[in-house]
Each structure stands twice: as structure tokens, then as C-alpha cells.
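> The hints should help you fit chain G onto chain X, whose structure is shown.
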Amino acid sequence: MKAGRKKKRFFLPDGMNMTILALIVFLSAIGLVMLYSATSYNDFIRHAGNSFYTTWKQLLYTVLAFGAMFAVSRIDYHIWRKLARYLYPAAVILGITVLFFGKEVNGQKRWFAIGPLSFQPAEFAKLTLIVTLASLMDFYYEMLKYYRVMMICALAALLIVLPVISANLSSGLILAGVAFVMIYISSRKRAVFVCAVAAAAASVVIAFQTGLLEKVLDAYQMDRIYAWFDPMAYSSTNGFQTVQGLYAIGSGGITGRGLGESIQTLGYLPEAQNDMIFSIICEELGLVGASSIIVLFLMLIWQMEKVAVSAPDFFGSMLSCGIMAHVAIQVLMNIAVVTNTMPNTGVSLPLISYGGSSVLFFMIEIGILMNVSTRIKMEQ
Amino acid sequence: MHWGRVYQKQNIVTAAIVVTVMGCVLIGRLAYLMIVCSDEYYALAEELHTRERRIKAARGAIYDCNGVLIATNRTVCTVSVIYNQMTDREEVIRVLCQELDLSEETVRKKVEKYSAREIIKTNIPKETGDRIRAYDLAGVKVDEDYKRYYPLGSLASKVLGFTGSDNQGIIGLEVSYESVLKGIDGRILTLTDAAGLEVDDAAEERVEPIAGNSLYLSLDVTIQTYAQQAAQKVMEKKNAKRVSVLILNPQNGEIYAMVNVPEFDLNAPFTLLQEDVSMTSEEKQDALNQMWRNHVISDTYEPGSTFKTITAAAALEEGVVTVTDSFHCPGYYIVEDRRIRCHKIAGHGAENFVQATMNSCNPVFIQVGLRLGIDRFYHYFEQFHLLSKTGIDLTGEAGTIMHRPERMGDVELATVSFGQSFQLTPLRLLTTVSSIINGGYSITPHFGVEVRSADGSSVHKLKYETGERVLSEEVSRQMREILELVVSEGGGIKGSIEGYRIGGKTATSEKLPRGTGKYISSFYAFAPADDPQVIGLITIDEPEGIYYGGTIAAPVMREIFDNILPYLGIETTGLEETPSAP
Chain X
16 MKAGRKKKRF FLPDGMNMTI LALIVFLSAI GLVMLYSATS YNDFIRHAGN SFYTTWKQLL
76 YTVLAFGAMF AVSRIDYHIW RKLARYLYPA AVILGITVLF FGKEVNGQKR WFAIGPLSFQ
136 PAEFAKLTLI VTLASLMDFY YEMLKYYRVM MICALAALLI VLPVISANLS SGLILAGVAF
196 VMIYISSRKR AVFVCAVAAA AASVVIAFQT GLLEKVLDAY QMDRIYAWFD PMAYSSTNGF
256 QTVQGLYAIG SGGITGRGLG ESIQTLGYLP EAQNDMIFSI ICEELGLVGA SSIIVLFLML
316 IWQMEKVAVS APDFFGSMLS CGIMAHVAIQ VLMNIAVVTN TMPNTGVSLP LISYGGSSVL
376 FFMIEIGILM NVSTRIKMEQ
Chain G
13 MHWGRVYQKQ NIVTAAIVVT VMGCVLIGRL AYLMIVCSDE YYALAEELHT RERRIKAARG
73 AIYDCNGVLI ATNRTVCTVS VIYNQMTDRE EVIRVLCQEL DLSEETVRKK VEKYSAREII
133 KTNIPKETGD RIRAYDLAGV KVDEDYKRYY PLGSLASKVL GFTGSDNQGI IGLEVSYESV
193 LKGIDGRILT LTDAAGLEVD DAAEERVEPI AGNSLYLSLD VTIQTYAQQA AQKVMEKKNA
253 KRVSVLILNP QNGEIYAMVN VPEFDLNAPF TLLQEDVSMT SEEKQDALNQ MWRNHVISDT
313 YEPGSTFKTI TAAAALEEGV VTVTDSFHCP GYYIVEDRRI RCHKIAGHGA ENFVQATMNS
373 CNPVFIQVGL RLGIDRFYHY FEQFHLLSKT GIDLTGEAGT IMHRPERMGD VELATVSFGQ
433 SFQLTPLRLL TTVSSIINGG YSITPHFGVE VRSADGSSVH KLKYETGERV LSEEVSRQMR
493 EILELVVSEG GGIKGSIEGY RIGGKTATSE KLPRGTGKYI SSFYAFAPAD DPQVIGLITI
553 DEPEGIYYGG TIAAPVMREI FDNILPYLGI ETTGLEETPS AP
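Residue numbers (our numbering), protein chains in the order written: chain X, 16 to 395; chain G, 13 to 594.
Keep in mind that the hints were calculated from the coordinates and are not lab data. It should be emphasised that the depicted structure is a prediction, and the values quoted were computed from it without experimental measurement. Where a beta carbon is used, it is the ideal one built from N, C-alpha and C, also for glycine. The reader is advised that the hints may include incorrect statements.
[What the hints assert, rightly or not] Which stretches of chain X does chain G cover? Using the computed rule of at least three CB atoms under 8 Å from a CB of chain G, they are:
id : segment
1  : 86–99
2  : 188–201
3  : 342–351
4  : 378–385
[To be verified] Okay, the calculated beta carbon distance ranges per label pair:
id : chain 1 : residue 1 : chain 2 : residue 2 : range
5  : G       : V25       : X       : L232      : 34 to 40 Å
6  : X       : E286      : G       : I131      : 31 to 37 Å
7  : G       : R143      : X       : Y241      : 42 to 48 Å
8  : G       : I67       : X       : K230      : 53 to 59 Å
9  : X       : Y241      : G       : S293      : 49 to 55 Å
10 : X       : R163      : G       : V25       : 23 to 29 Å
11 : X       : L74       : G       : Q180      : 55 to 61 Å
12 : X       : A217      : G       : Y19       : 24 to 30 Å
13 : G       : T292      : X       : E286      : 52 to 58 Å
14 : X       : E286      : G       : D288      : 41 to 47 Å
15 : G       : M291      : X       : E286      : 26 to 32 Å
16 : G       : G176      : X       : M357      : 30 to 36 Å
17 : X       : M357      : G       : V25       : 21 to 27 Å
18 : X       : Y241      : G       : V33       : 53 to 59 Å
One chain only, chain X, in its complex shape:
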């Protein structure tokens, strides 16, 4: 009896938020099914009839990531306060070195290749940023009302964000967004943030209108903005992926073609297993299925919000906030890109898109959040 209880506690510690776990498992399962649907045809052709090639790989990553999550959820989250000291400089250095020594994929140095494994420092940077900012804010808890502290936090974030943003705009934007949300939550000066958002939006518009944006952004990034305005006009070049995604979404209709019935996965939609997987969900499961996925993610956000609000201490709360912000921004950005609500930029859909390091770091974050949720019950 005692041993059994102990075993149960090892995998599912008392007080762990079971709703979050259920949502994560469910979304991962949907992700794997959709991934199979999106990749089986091309895998069958490219990998000698093995239509499970990509799916098996992702299943392996997912199992590893779940293991990591359970392990992390067992570790007292306060350890991250100490680790932040080492993780932060590591993230900054990795972010800079990848710019020079990274493996070039599609003209962008974003990856470190170690043997058969490849690793994106940007994913590591996301985790580090959350941990670092939460530690800093906890450290300056009594002085959070001062602009000074906000500046320190912003500067600390900037050191991580800058190298990443120069290699990978979308990851940089996610990092900046996470930092922004965390600083906003910790601060009382709401008006400043509202102004900041307005000013940022205005400056982008002005920069675009005056042509300044063209000088700041790379040519390919500008082309993506033009393709955003009128994807059909660029349907053979920069708008290609967007247009193919829209075909998939539009042809889904209300109830979709049915699971496994996507036609856009037959090589029409590039990267269907990756950033554009949501459009395959739309095509196969229709508006009903796609909306359900969004609702599931929103439920996950609200569960995270519950953990953040009732966390045992401020550090735990800020960790949860950062993780919540990360998930929320990435989900919203991905779906916005797929539906051409914003310009095309490579953001994967958490738990569903194909990708090893992304799912691993994401699950570590969930593990941290789980540990925070465990502590709530223990305190009470």
C-alpha cells in the first residue's frame, strides 16, 4: 500500500494540476495524429514506403519530453532561481555564437548541430528568459514600483533577445512578447504599457509608410509583408505557402474533409507538418475541429492563469506567468500566420507542430509549472 502510494506520487505528484496534464496529453495526441496525416504521403514517397517516418520520430521526442516534464515537475521550482545565474550567461553566449558558428539552414544560422542532433538556442533562450526575469523580479520584489527595476529587467531581456532576433525574427518577437507580458504583470504602471503598445504599433506603421522598415528588415522579410497584403498576387513566390494554407483552410468548410482526407498534404503545402499544420487541421476537421483546438489552448491558458494567481510565492507566480505568456503568444502567432492575419513568420504550434527541441523545452516549462501547481496544494 505504502509502496504503491509512493509509486503513484513519483509519476503524478499530489496536487499536480490534472486538468493541465489532461489537456497536454490530449493536445499531444491530436498533434501526433495530425502529424501522421500531414506527413504520411510524403514520407511514403521519400522514405521507402515508411509512412510513419516523421510520426515515429516525433513520438520518440514526445515520450522523451513527457519524461523530462515529469522529472522537472518533481524538482522544487526554486532551484531555477539558482540555475538562472548560469543559464542566463549561457543563453546570451549561445545566442551570439550561433550567429557565427551555427549550421546554415535556408540561409539562416539558427541551429547547432551536434552529430545527428540539432539544437536551436532560441528554444533554450525562451526558457532562460522566463527563469531569469522571474528571478530578477523576485529579487527586486519590494522595488518593483520603480522604473529603474523595470529598466533592469528590460535590459536583461534585451541581452537575450537581441542576438536571437537578428537570426530569427519570429523567435525574437516571441521572446520580446514574453518579456513584455512578464514586466507588465509585475508592474503597477499599466498606462506605460498601453502607451508602449500604441507607440510600437504606430512606429511600425510609420516606419512602413516612410520606407524606413525596408532598411531595418531584410528583403525577404519585406517581401513577406507585401505578400501578406495580397497573398494571391505573390502566390508563386512569397505568398505561396500562405495561399496553399488558405486553400487548405477554405476547402475545409464547416466540418472538414475528414481525418486523413487532406489533399494539400500531397506535397502542395510546404512544411505542412511544421508551421502550417494548423491549416491541415482546418482542412481535415473543418471549422468545428479547428475552433475546438483553439478552445483547448484557451482552456490551457486559463488553467495556467489559475496556477499563476494562486502560486505559493511571487517567484512561482512569475514563472507561471512567463510560461503562460510563451504558450499564448506562440499559439496566437501561429494561427494568425496560418490564417494570414499577420505576415508570414515561422512560428510553430506548441505540442502539435513537428520539432524535437521545441517540444522538449516546452515540456520542461510545463514541468516547472506543474511543480508550482503541486506546491499550491502542499501549502494548503
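Coordinates of chain G only, in the frame set by chain X:
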């Protein structure tokens, strides 16, 4: 440990609410894309995903009046290679070089080109296609296709016409019966992946083609062949520019033959008769159009003396002249200030109207025309449908070029009376002459008789306007008698055949501008003269040497009639029949 200020927890809730709102906006956006834009994107996606392959419908065949096949389809093959499906490229190159008689370089270039489908050669014979198919090479496709084929080559080329690359009619009957012959293409819709490969287990939507209808003509290959040979012979003998022959049934308008030599090869319609490499493409197109031109229906000419038939019929019908009226021809006739000469300068002297017609005497016909007057004469033009098109089932028929009545003076009237100063097509002339000698009713000349579905299950007879009375039966009879005399004793005597009652009229028209020595010699004849079953008109354009219609055109028609009258089953008159035994 108690932590947190109220505003921080409020901020967390705010952040979650903002995220929720944004999530809902995205659901709204999705709803817009997937409900409002759904049809549009679905259609675009469908267009992208499916490959439509057309299955050509077989074009309908064309038969002559005896069921002789004159236009049909031949199966030809197109050989193409699909890069992704080829396993042994060297073998493919070797086989294709050998079978298609192409250089290795050409084939190699196409075989090694990375493309979805590369066509190696089109229009190869079916036997070659079958041989290549027998090798069973992966990635080599042999598709069958139809190509129009004319078994009789150049026979009636300008009448039949030919088809273009899309199997659509370009000239002739192929154009005017396009909707009958065309058929409805079928199609196969297959789902393909982005590389253009067909998805194996996807359902195929197949719509079967419907073959075009068969067209049965009044054209008689035998008569057409006789006429074409005769025309060819006289063209060569007289070194003429061209010779046209038109033979039809004056009772119902069915055309038996329409010859325009030189004809061209329907199986190679884009090959000029005299190939000239220095031609620009524009010049070549002009030359082709000229070669394809059906002069019998598309070109007008001054009919000359053959038109006296119409003047005579109008005058007799109107009663301004009777067959016994006497005239005197001094060799000329003065109209206003003009002295119009007869072809016989010395004059025909005293003659009655019948003799005048046999002599083809211009002064007499001028007088008859003047007796009719402009208004009455014009009235008969209209009554004989001379001013409108015949309505033949061919495209490109030219209209008659005639003076307007208010612009017509006596001089014009005088010249029109013997067939000058206006133009019409040979077809128009012969159609009107037919209605004058057939008992006096109008006909519509035509080729198409019957349309049958490809399997013969349904037959549709084509109908034409006919039977409107344009001349009294009595005058028609008189005209037949006069015209029979023209052949038996008059200017058309070289057109007579012993044992047959033949009517006809000759003409020699000087081409415009006058004085260049260029003539069109013509002659029309019909038989039997008392009940015409067949009428033919020959026009010889720019003959060299002797150019009189009675001398050079009449013998040709005689030769044709000599062959076709027995063929048509027209019996010789017992009276003049040569005894079979001495």
C-alpha cells in the same frame, strides 16, 4: 508565505482575458475563411488538385451519295515520357531512337529533362505506337488520338475542307457542318499530388465522349472524279489558270460535283502546290487561302452569254417577245450614244428570237432588254433570286454585284441583257438557270442530305427551301426547247451527244480590265432537255489560244455528260438511238 499585490493578480487576469479575446478574434477569422470564402478556396484547391484529361470525341465521317467514305478519322499516337516513372533511361532512349527514327541526341535531351511529361513525338502511326507499347517500358506513355483522314486525297478538296489541330473544321463542309460532325469530348478527372502524380486510390471521374454524327452528301464520287479529270485535262491543254465544274440536280438542288482545279491534297492542306521558300509567313498564308478558295461559290465573274437565258426567260414571261418575233442584226446596236457590237461583226441579218438565241446575238438581246425596261427587268432579277445568295450549305458564298436600279441607264440595261457589266458566282448563275428549266420553281443548291448518329440509330434528313414558283411552266418549257436547239444546231453544238437530248448555252466573257486578252470561257448544259435531271456548268479561266466557250468549254461538258448520263441512268432517246446491229 503570503505574496503578491492585488494589481499583479489583476494583471494576470487581464493578460489571460486579452489572450482569450485574441483567440476569439482568430476563431472569427477562421469562420470567415471557412464559411464565407470556403467555396472560392475550395474551387481553387480543386482546380489545383485535379488533372483534367480530355478524351477526344471521334469526329463524324462524311459519305457520298452512294455511301463511299470520303472523310474519316485515323488513329495516331503520341509518345511521351514521364521522368519520375522511368527505371531504365538508356533502354528507353535506345528503343525510342530505333522505333521513332529520331537522333539519339534529340531523344536523350527529352528523356533526361526533369519534367512531369515530355512529349517525344506526335502523330505517329498506330502500328508504331503499338510496337512501342509492346516493349512495356516504365515511364513511356503511348496515347492514342484521332486525326482527320481523307481517303480520296484531293477529291473535292475545296468543298470538303479539312480540320485543324484541335479537330475543328477550317474550310468547306468541315466548317459548315462543324456542329454536326464535332461530337462532345469526354474527360477524365484525376486527383494528383503536387508533383503531378496521380493518387492511386483516389476515385476517377470519367465522362465518356460522344462521337460526332455522320454526314451523307449528295456529292457523287464517281461524277466528281470524271468532272475533276476532265477539268484537269482541259486546264493543262489550254494552260488555263483554273477550271471549275459544277454539276447538280436541277429538280432538287442536290450537288453531284463541284470541281475547282487545281485541287489540293486534303491530307496535307498546308503544303502549297508550288512551294516557295522565299515567302514570308504572311505571303504563304495568302497563297494558302488562295489555294483553298472555292471559286464556284466565292468568286464572281461576268457571266456573258449564258446570262441571255435569264433575259430570254424574263422577256418571254413578261410577253415583250415571242419565239417567232423577227429581228435584224446589222452587227451592232446603238443605245443612246453608244454603238454596241455583236460578236459577229458582219451581223446575223434577219433572224427570229429562237435563232437569235442560237446565234447568241447581242443586238437582239439588247432590244429585248430595252423592251423589258429597267423596272421590269429588275423585278425579274429579284423573282429569280439573282440578287440574293443561293443559301448553299458552304461558307464564303459571294453575293451578286449588280447596278442599283436608280443608277441604271439604257446603256447599263443593254449590257446587262447579254451578261456584261455585273458579276455573279457560277453557282448563282446555275441555280437560277436550273429554276428556269426545271419547270419554273426555285431550288437551294446543297451538299448535305442526311445526318446520321455515329451508330446509325437516328437519321435526320436535311431540309432546304424549294418549290417557290419563279417562272410559268409554259415559259420554262419554251426555254428548254430553245436551249436544246442551241446545243443541237446553235452555238453549243460541240456539247451535243448523239442519242441524248441536251440543252445548254455557251459564253465567252472578257475579263476586266478589257483588252488584256484574258477570257473566261463557259458552257452550261442540261439533260434530258425535256425533263432535266442533271445540269452542269464549266468555266475555264484564262485559257490560252482559242477561247470561245462553244469551242473549248462545250466539248469538256460533252465529255463529262458522255460519261455521267449513262451512269445516272438517263436513257438515250429511242428515236436517235444508233441501231445496235447493222
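> Need the list of violated hint numbers for this structure, in ascending order.
Of the numbered hints given earlier, those the structure breaks are 1, 4, 7, 9, 14, 15, 16 and 18, listed in rising order.
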